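*Asks:* Here is what each chain is made of, one letter per residue.
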Amino acid sequence: MSNNPKFIVSHAPFVHYGSSLQNKTYHTIFAALPAVIVGLLMWGVPAMAVIALSVGCSIIWEYIMNLILKRPQTVDDGNAALVGLLFAMLLPATVPWWLVVLGSAIAIIIGKMIFGGIGGNPFSPPLLAIAIIMVSWPHYLDFNVALTGYDFDFSMVYPLTAARSLGSTGAEAWSTLDLLLGKQSGGIGSTFSLGLILGGVYLILRGFIRWEIALSFIGGVAITALMFNMADPVRFAGPVFHVLTGYTLIGAFFLATDDASSPVSFLPMILYGIGGGFLTVLIRNIGTYYDGVVFAIILMNTASPLFGKIKPKAFGRVE
Amino acid sequence: MIKRPFFVFKKPTLVYEDMNQGNYIPVVLPAPDNVTVYVKEKLVGIASEGTKPGDTVMEGDKLTISQESSIYATSPVSGEVKTVSAFPGDFGDDWTAITITPTAAEAEEDVAPEAPAKKEEAAEAEEAAEEAPEEEAPQGPDLAHLVEFLANVPGAPDFSVFQNPEKPVDTLIITGADEDLLCMTRQYVANSEVDNVRAGIKILKQATGIEKAILTLLRDAGQNYESVGAELAGVGMEYPTASPYLVVNDYLGRALLSDKPFEDSGITFMSIEAVAAIGKAITEGKIPTRKIVTVIDKNGKKTLVDVVLGTPISDVFAALRITAGERDRIINGGPMTGTALFSLDMPVTSSIDALMVQDSSNIPVVSDYPCIDCGDCCRVCPSKIQVNMLARVLESGDFELAADEYDLYSCIDCGLCGFVCTTQMPVFQYIKLAKYELARLEAEAADADSADEDAEAVAEENEAKK
Ligand code: SF4
Ligand code: SF4
Numbered sequence: 001m002s003n004n005p006k007f008i009v010s011h012a013p014f015v016h017y018g019s020s021l022q023n024k025t026y027h028t029i030f031a032a033l034p035a036v037i038v039g040l041l042m043w044g045v046p047a048m049a050v051i052a053l054s055v056g057c058s059i060i061w062e063y064i065m066n067l068i069l070k071r072p073q074t075v076d077d078g079n080a081a082l083v084g085l086l087f088a089m090l091l092p093a094t095v096p097w098w099l100v101v102l103g104s105a106i107a108i109i110i111g112k113m114i115f116g117g118i119g120g121n122p123f124s125p126p127l128l129a130i131a132i133i134m135v136s137w138p139h140y141l142d143f144n145v146a147l148t149g150y151d152f153d154f155s156m157v158y159p160l161t162a163a164r165s166l167g168s169t170g171a172e173a174w175s176t177l178d179l180l181l182g183k184q185s186g187g188i189g190s191t192f193s194l195g196l197i198l199g200g201v202y203l204i205l206r207g208f209i210r211w212e213i214a215l216s217f218i219g220g221v222a223i224t225a226l227m228f229n230m231a232d233p234v235r236f237a238g239p240v241f242h243v244l245t246g247y248t249l250i251g252a253f254f255l256a257t258d259d260a261s262s263p264v265s266f267l268p269m270i271l272y273g274i275g276g277g278f279l280t281v282l283i284r285n286i287g288t289y290y291d292g293v294v295f296a297i298i299l300m301n302t303a304s305p306l307f308g309k310i311k312p313k314a315f316g317r318v319e
Numbered sequence: 001m002i003k004r005p006f007f008v009f010k011k012p013t014l015v016y017e018d019m020n021q022g023n024y025i026p027v028v029l030p031a032p033d034n035v036t037v038y039v040k041e042k043l044v045g046i047a048s049e050g051t052k053p054g055d056t057v058m059e060g061d062k063l064t065i066s067q068e069s070s071i072y073a074t075s076p077v078s079g080e081v082k083t084v085s086a087f088p089g090d091f092g093d094d095w096t097a098i099t100i101t102p103t104a105a106e107a108e109e110d111v112a113p114e115a116p117a118k119k120e121e122a123a124e125a126e127e128a129a130e131e132a133p134e135e136e137a138p139q140g141p142d143l144a145h146l147v148e149f150l151a152n153v154p155g156a157p158d159f160s161v162f163q164n165p166e167k168p169v170d171t172l173i174i175t176g177a178d179e180d181l182l183c184m185t186r187q188y189v190a191n192s193e194v195d196n197v198r199a200g201i202k203i204l205k206q207a208t209g210i211e212k213a214i215l216t217l218l219r220d221a222g223q224n225y226e227s228v229g230a231e232l233a234g235v236g237m238e239y240p241t242a243s244p245y246l247v248v249n250d251y252l253g254r255a256l257l258s259d260k261p262f263e264d265s266g267i268t269f270m271s272i273e274a275v276a277a278i279g280k281a282i283t284e285g286k287i288p289t290r291k292i293v294t295v296i297d298k299n300g301k302k303t304l305v306d307v308v309l310g311t312p313i314s315d316v317f318a319a320l321r322i323t324a325g326e327r328d329r330i331i332n333g334g335p336m337t338g339t340a341l342f343s344l345d346m347p348v349t350s351s352i353d354a355l356m357v358q359d360s361s362n363i364p365v366v367s368d369y370p371c372i373d374c375g376d377c378c379r380v381c382p383s384k385i386q387v388n389m390l391a392r393v394l395e396s397g398d399f400e401l402a403a404d405e406y407d408l409y410s411c412i413d414c415g416l417c418g419f420v421c422t423t424q425m426p427v428f429q430y431i432k433l434a435k436y437e438l439a440r441l442e443a444e445a446a447d448a449d450s451a452d453e454d455a456e457a458v459a460e461e462n463e464a465k466k
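Protein sequence lines correspond, in order, to chains C and Y. What the first sequence shows, in the working numbering, is residues 1 to 319, in sequence order. What the second sequence shows, in the working numbering, is residues 1 to 466, in sequence order.
The following block holds chain C by itself, in its conformation from the complex (with noise of 0.2 Å):
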């Protein structure tokens, strides 16, 4: 053959849709940013310092650990610097500085990278490292005990323990807009619903998260919150209250959805959301925990594999 240019030779198809990983996760990062940026005002330099903190560690522990094991480096795909802002905006702004590279550590280390990095985490990563540090340090994570330096205009009692021990009475505390406009004590980046709807709604419209799972999630909270809300309306809070209180909304869009540790199709993803929504009031109106959140999404996760069992079924079969 005569001299040829050297062609790129390789397989089909050609062609990209132009998606990404990195644009995902900056995207994720981008639409946090109003729930955060609002912590911020609140909390103040606390709460910077441990955001910063977070997300500094988890690239760092992700970086050692991609060296440990000899992987190529991939914190440049955002995703470590994602966890880490997840994490630290489930925090409340006081955490102790250890507890944060700690937590972070436990979310990079034993959430993702012993599992084969991203992908291969049968949790969501920040998830894992608020229950493990929730059970082994439960006081640092009591807002109640962690928020007292605060002094705003409105009542800096959780609302999940005002719940708990003052029924729908201690609910009315907060009025809807109230919690809308993060008027109440929570984690860093947790209390501003509205930006986490803002955020929620941005990532679904661009195909970034999954309507199903979010919406479902919700949907589940809702429910459950309004059939304990009926069979008992002085000793449970209603539905608006479960949705805009604890990490319900945060959980929702950004912790539930995590991609690997969800299912995929349609039925198995709406049953993964509702049957955490139902978990997290369960555990918040007759459980140990005040937020069932997290413990909810975990036993989801950990579920997600079965509901991958629930397969359509595929071209040509006969099942």
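Careful, some of the hints might be misleading.
Mimicking DSSO-like on lysine-lysine, the simulated pairs with C-alpha atoms at most 27 Å apart in a straight line are [said to hold, decoys possible]:
no., chain 1, residue 1, chain 2, residue 2
1, C, Lys6, Y, Lys301
2, Y, Lys260, C, Lys313
3, Y, Lys301, C, Lys311
4, Y, Lys42, C, Lys311
5, C, Lys313, Y, Lys384
6, Y, Lys260, Y, Lys62
7, Y, Lys301, Y, Lys167
8, Y, Lys432, C, Lys311
9, Y, Lys301, C, Lys309
10, C, Lys313, Y, Lys432
11, C, Lys309, Y, Lys384
12, Y, Lys432, C, Lys6
13, Y, Lys432, Y, Lys384
14, C, Lys311, Y, Lys202
In short, the hints are calculated from the structure, not lab data. Keep in mind the model is a prediction, meaning the values are calculated, not measured.
Since the structure of chain C is already known, use the hints to place chain Y with the ligands on it.
*Replies:* For chain Y with the ligands alone, coordinates are given in the frame of chain C:
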């Protein structure tokens, strides 16, 4: 090509090219300085008499490697055989490449293909080509004649499928709709060669005895084809509805797995261009030697060209002022299912419908990132395969498990999973590799079986000797 829109409400929709959206008239290229054709047979010694270097051949002449063999190429021009050399064909087959330099007269004639052939050689060539039809003209040719003369017409008809008594074929699907995006070759032929297609269908049905013919046409382009002797199947605009598997499913109600060729189910496919060529050959008494090719340049601009078979691809590009350089990509076929070529010296063969050039800066990278389980591939897959699971199993190399439990053979080879994959994994490549490997293993197993029998026979013989 389509890119991810800002808002994503549903899965991407890729649509076939609609010729009526533009004014597509093929650019007629003159006969080149030399043409190359392949005989799909290993070169042993020198070629047979009449096909050796220095021999003069006529347009339509058969070129063979050995006198006994039934495998041949058809000379697309009259001229002198320049070289005969071994050529590595697809998948490790050994072929033979024959290069012919057309005589000046031929070249001139081809500039104005309509002009009646006055020159002596050209007239002779025509005579040679007419041989076949002349004998059988009144009844129409039988299958043996088609096999004998028309196996290499544009569109590459495969007549062998009609001759296999073990796998009788009862349905012929003629593809008037292009299977890949951006390609318009078949659509053009369907629009412009109505009479030849009609004649071709008639001839084919007669020669093969097949009752049921189906003609696929993009959307409802069927107004020219009433009572054509084939059922019309309007194919939707949305990729991949023209896929053979989906056509069979939609029009015959049979969802077939891709582990066996269609012929095992009594179905076979033929390009509309081949049907038109057969019709034309018999009615005009001359073997067609020109092919329509859709050329897609680096900017995605599509041009139809009308070229002599065997024209080097470099000549086609030169005529359209397309430059292809270092690290660019040349594709035989369309963007979703084509195959990359490594040399511009390769000729336009009877089966090349489209040629696509991609600039090096435009070639999407394939990453070694793992699957993140986003599920985009599952949602886009027309076969409802859990591609994320399938990809995992294939990565681990367990092809049989993939075939048994993860629906590998439900895949209709559309390439959409690779097109959308978030981490740009080579999902579709894994699938193709797995299918290829499994087919190879199966063939090996079959070989081993017969080898076993041989070994047993030998053992028995030895036993007897003792
Ligand atoms: S190529 Fe991919 S998307 Fe197309 S049928 Fe096969 S698995 Fe499904
Ligand atoms: S599109 Fe790619 S990354 Fe997403 S699930 Fe499919 S194979 Fe995995």
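*Asks:* Check each numbered hint from earlier against the structure, then list the numbers of those it violates in ascending order.
*Replies:* Those not satisfied are hints 3, 4, 6, 7, 9 and 14.
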